[in-house]
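Q: Produce the complete structure using the sequences and hints provided.
Number of protein chains: 2
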Amino acid sequence: MKAIKIPEKTVTRLSIYLRCLEELENDGVVSMSSKELAERFGLNSAQVRKDLAYFGQFGVRGLGYYISALRNNLERILGLKQGWEVALVGLGNLGSALISYKGFQEKGFTISAVFDQDPAKIGRQVEGIQVMGTSRIVPVIRKRKIRIGILAVPAASAQAVLSLLVEAGVTAVLNFVPAQLTVPESVKLQNVDLSVLLKTLSYHITRTGRPSARKT
Amino acid sequence: MKAIKIPEKTVTRLSIYLRCLEELENDGVVSMSSKELAERFGLNSAQVRKDLAYFGQFGVRGLGYYISALRNNLERILGLKQGWEVALVGLGNLGSALISYKGFQEKGFTISAVFDQDPAKIGRQVEGIQVMGTSRIVPVIRKRKIRIGILAVPAASAQAVLSLLVEAGVTAVLNFVPAQLTVPESVKLQNVDLSVLLKTLSYHITRTGRPSARKT
Numbered sequence: 001m002k003a004i005k006i007p008e009k010t011v012t013r014l015s016i017y018l019r020c021l022e023e024l025e026n027d028g029v030v031s032m033s034s035k036e037l038a039e040r041f042g043l044n045s046a047q048v049r050k051d052l053a054y055f056g057q058f059g060v061r062g063l064g065y066y067i068s069a070l071r072n073n074l075e076r077i078l079g080l081k082q083g084w085e086v087a088l089v090g091l092g093n094l095g096s097a098l099i100s101y102k103g104f105q106e107k108g109f110t111i112s113a114v115f116d117q118d119p120a121k122i123g124r125q126v127e128g129i130q131v132m133g134t135s136r137i138v139p140v141i142r143k144r145k146i147r148i149g150i151l152a153v154p155a156a157s158a159q160a161v162l163s164l165l166v167e168a169g170v171t172a173v174l175n176f177v178p179a180q181l182t183v184p185e186s187v188k189l190q191n192v193d194l195s196v197l198l199k200t201l202s203y204h205i206t207r208t209g210r211p212s213a214r215k216t
Numbered sequence: 001m002k003a004i005k006i007p008e009k010t011v012t013r014l015s016i017y018l019r020c021l022e023e024l025e026n027d028g029v030v031s032m033s034s035k036e037l038a039e040r041f042g043l044n045s046a047q048v049r050k051d052l053a054y055f056g057q058f059g060v061r062g063l064g065y066y067i068s069a070l071r072n073n074l075e076r077i078l079g080l081k082q083g084w085e086v087a088l089v090g091l092g093n094l095g096s097a098l099i100s101y102k103g104f105q106e107k108g109f110t111i112s113a114v115f116d117q118d119p120a121k122i123g124r125q126v127e128g129i130q131v132m133g134t135s136r137i138v139p140v141i142r143k144r145k146i147r148i149g150i151l152a153v154p155a156a157s158a159q160a161v162l163s164l165l166v167e168a169g170v171t172a173v174l175n176f177v178p179a180q181l182t183v184p185e186s187v188k189l190q191n192v193d194l195s196v197l198l199k200t201l202s203y204h205i206t207r208t209g210r211p212s213a214r215k216t
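Chains as they are written, first to last, in this note's numbering: chain Y, 1 to 216; chain S, 1 to 216.
The list makes no distinction among identical chains, and a pair is therefore deemed to hold if it is satisfied within one copy or across any two copies.
Cut-off 25 Å, straight-line C-alpha distance, at most; resulting in silico cross-link-like pairs (DMTMM-like, lysine to aspartate or glutamate):
1) 102 with 22
2) 188 with 39
3) 35 with 23
4) 50 with 23
Because the hints were derived from the structure by calculation, they are not lab data.
A: Next up, the structure:
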């Protein structure tokens, strides 16, 4: 396969299309045109066709997409045909919520190793997983060949913990820590900074001014 | 001021620059060139200059930026000179973690109204806030003129709750629900779908194959 650079946003949208297809499949829909898909889910139909075209020819002329087949293809493209083990570091409020979050498990991502540096937490069972100290990150992740990490530690220790994850062989990290962290080029760092998201909202409210009068 | 369309990514980066400036200010740094800024925080210096140029001339030739003044300007641009009240709907694991999340408060976002539809939760105090039923969304938010909402409810009720928030006058929503939701054009919807983020990571691991041998 030729190495075409796929835009980041296309990859994100594939996941969103997949979610739409799952919903359609649950509703018993067999096929649908890109136009109908776009209308139902508030997508852009030209964008849908363009995004999918990076990966092959999935549409059938005059009919659209077979929902089940397209779902299957998107799962394959996104690497979701296998389950993924995930290591979580940091068992504060956010980390604890993430462990209990059903959405990950449903989508094939299982948090199977949990680390924290707080002696009061180490050894405890959380959602059936025994919490380990951060000194165990490298040996445990190496042994289990875990490739995905979630970082939810305090900002002050984030870079050190991230470096341990990378040393252990993790190549993709979902980072909730509001700090500028660096990884080698081979590692994919996905930042989720909740405060930054709220600030972009604040920007929009400030710039757009008061909402126009609503119809009642 | 002329209405120039500012790219979404620029707005996001302004928040990130602001975080860097706060760190520098805490360290007692008075001024810094865009090049030094970029090096210290792993940013792109041309990008920094371009992003800031949308909003004015902040640099001083031969010196760079005055850290404190630039922080002040970014706070003003992002609408952070005032505090914001935030309404949270949905008090599951994620909602509970968000209420306890210190990062929001520190950045001027105060969750001051909490709604859930579970009778067992209504009336309880959580972090000093009394939980209200979802039937109170419209009157309470209208009365308090809350403009920002956080949505953390089950997918099945997400659109209905979102419509209530919009009816109540909320114009910016941080949405954690993994569903395709629609809002009027005047409302800014910021989606955070954790599963989608993990899927983009899965894509990257799958596409890039095994990591190359690491130096030891």
